[in-house]
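**Student:** Full structure from sequences and hints, please.
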Amino acid sequence: MTETNLDGPAAAPPGLTRRQIYEAQIRRRSLRVAATSTVLVLLALIVLIPLAPGWEGVKKSFFNADVFARTFPGLLEAFLLDVAIFAWSAPLIFLLGLLIALCRDARSPALYPLRLFGILYTDIFRGVPVILVIYLIGFGIPGLGLPRPWNSPYIWGTVALVLTYAAYVAEVLRSGIESIHQSQRAAAASLGLSHSDTMRFVVLPQAIRRVVPANMNLFIALQKDVALLSFIGPVEIFRQAGVYKSLLANFTPYVGAALIFLAVTIPATRYADYLMNKQARARS
Amino acid sequence: MAKLELQSVTKCFGDNVVCRGIDLRIDEGEMVCLIGASGSGKSTLLRCMNLLEPVDDGVILLDDIDIAEPGFDPQPVRQRIGIVFQSFNLFPHMTAVENVMLAPRRVHNRSREALLPEVTELFTRFGLADRMQHYPDQLSGGQQQRVAIVRALAMKPEIMLFDEITSALDPELVGEVLDVLRTLREAGMTMVLATHEMGFARELADKVCFLDNGVILEEGPPEQLFSNPKQERTRSFLARVL
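Protein chains in written order, with this note's numbering: chain A, 1 to 284; chain B, 285 to 526.
One thing to keep in mind: the hints can contain errors.
Footprint (simulated), chain A over chain B, 3 or more residues, beta carbon under 8 Å [unchecked claim]:
1) 356-366
2) 385-394
3) 401-411
4) 435-444
Calculated Cβ distances over 12 Å to all of chain A for the following chain B residues [claimed, not checked]:
5) Asp311
6) Gln370
7) Glu503
8) Lys514
Quick caveat, the hints were computed from the structure, so don't treat them as lab data. For glycine and all other residues, C-beta sits at the position ideal for the given N, C-alpha and C.
**Tutor:** Next up, the structure:
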């Protein structure tokens with residue numbers, strides 16, 4: 001009886017259910033449709049863009065292979081400064097952010113000034129554009145006439161970034177702290193743990209883990225915003241690209257700089273998404 | 285002398301009066317079971333006993349000292365009165381053994397090395413010797429609840445409170461947790477349980493209290509309360525659950 005069934009129209013290959021076969025069909029069809037529409041759109045772009053009247057000029061000034069090859073190594077080298085500024089800002093941002101988050105969580109009346117400070121801090125630094133903070137601090141503080149090296153735009157530019165991003169990190173951490181269920185604090189309290197021990201050993205370790213993806217996104221934004229420091233002096237990649245632009249009268253270095261940023265930020269973004277998905281799955 | 289004595293304890297959440305004047309006496313080495321429908325105030329009463337919830341009015345005497353006094357420091361009391369929750373509340377980022385050691389390390393300032401022998405002994409006693417290095421999510425519900433009990437015991441409490449600790453467990457896991465309570469009972473631990481396990485209460489309790497709408501409507505030895513309840517409400521409750 002079973003043998004005759006195998007020859008029937010609904011016969012399934014071994015190991016696949018009818019549902020799986022159906023779903024495989026749907027998948028194949030979706031893939032075909034997606035591929036066709038993507039190819040059509042790309043073809044349209046390739047055909048239509050060069051028809052624009054200014055295309056020849058744009059090609060020469062933005063996509064000049066010769067300029068690209070000459071400036072790319074220099075841009076890469078300048079990018080190292082961005083990486084360095086990022087590398088020493090990131091831990092400082094995390095520490096300051098943590099401190100501010102803890103300030104906002106302070107419960108005892110004696111610590112009320114800290115709490116007030118935390119609130120004002122996050123309000124002010126989240127409310128002002130980064131570039132303004134960089135200008136005010138980067139030009140303002142060296143204007144005090146401090147001796148070398150304390151008048152360096154590297155230092156004060158970094159400080160501006162740290163102050164601004166710490167406010168965002170603090171808010172993210174605080175949301176993490178508040179997301180830890182009350183029962184965890186109750187369990188800690190029932191064991192006789194003090195408030196500070198409860199925060200340090202029970203709440204914070206869980207909260208920090210929970211907001212890793214959100215913080216990743218902030219740090220990706222930071223990596224890009226390092227370029228804003230170019231406005232107050234440091235010759236990092238954006239500034240270097242500007243120098244090349246003026247020397248060669250060509251915008252291609254900017255495209256090169258954008259590509260370098262993308263090479264860093266896209267993998268980082270994907271990784272953050274991956275972490276976030278993993279967490280969402282773990283919690284559901 | 286009573287180990288723990290409650291006198292007209294009152295507790296409200298906003299307009300909702302959860303405990304309305306509860307009197308209860310728990311003697312050293314006694315096991316007292318609180319029974320009653322959900323919302324009758326059992327859990328709240330337990331949480332008041334170790335000051336997880338501040339009481340609004342009334343007196344709680346622990347060795348004749350009023351711990352319900354407003355402004356009384358709850359921390360030392362909680363070290364003497366352990367509680368185990370329905371939902372385990374283990375710390376998910378720590379292994380079982382770290383969960384157990386955290387409070388003794390921080391509160392009693394003892395090192396991991398000094399604690400390890402006695403903690404290992406506790407784990408072994410409750411059949412968890414091979415689970416010490418596991419994280420809570422690698423343990424079954426029954427194992428998690430037993431770790432939670434070990435965690436409370438590691439503080440060497442004088443009284444243990446159990447808040448419906450088998451209610452969140454699959455039926456086949458209830459037994460292993462009740463066995464732990466049996467062991468503790470034999471060791472002479474003073475215990476207060478909020479529970480729906482009537483058979484267990486009947487078998488082991490010294491005293492059973494029926495709570496209804498925030499008051500202890502009836503209390504007595506289990507044989508009497510289960511076989512011959514005086515109150516109509518107790519009778520109808522028992523008829524529904526037994």
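**Student:** Check, residue by residue, whether the segment 401-411 of chain B contains three or more positions whose beta-carbon lies closer than 8 Å to a beta-carbon of chain A, and give the verdict.
**Tutor:** violated (count 0)
**Student:** Do three or more residues from the segment 356-366 of chain B put their C-beta atoms closer than 8 Å to C-beta atoms of chain A?
**Tutor:** holds (count 6)
**Student:** Closest CB-CB distance from glutamine 370 of chain B to chain A, is it above 12 Å?
**Tutor:** violated, 10 Å
**Student:** Please settle this one: lysine 514 of chain B was flagged as non-interface, so is its CB more than 12 Å from every CB on chain A?
**Tutor:** Given a closest Cβ separation of 35 Å, the condition holds.
**Student:** Should the label of glutamate 503 of chain B as a non-interface residue stand, given a Cβ cut-off of 12 Å to chain A?
**Tutor:** holds, 25 Å
**Student:** Determine whether the non-interface label on aspartate 311 of chain B survives the test: each CB of chain A must be over 12 Å from its CB.
**Tutor:** holds, 23 Å
**Student:** Counting residues of the segment 385-394 of chain B whose CB is closer than 8 Å to a CB in chain A, do you get three or more?
**Tutor:** holds (count 4)
**Student:** Is the listed coverage of the segment 435-444 of chain B by chain A valid when you require three or more residues with a beta carbon under 8 Å from a beta carbon of that chain?
**Tutor:** The restraint on the segment 435-444 of chain B holds, since 3 of its residues have a Cβ under 8 Å from chain A and three suffice.
Hint compliance for this structure: hints 3 and 6 are broken, all remaining hints hold.
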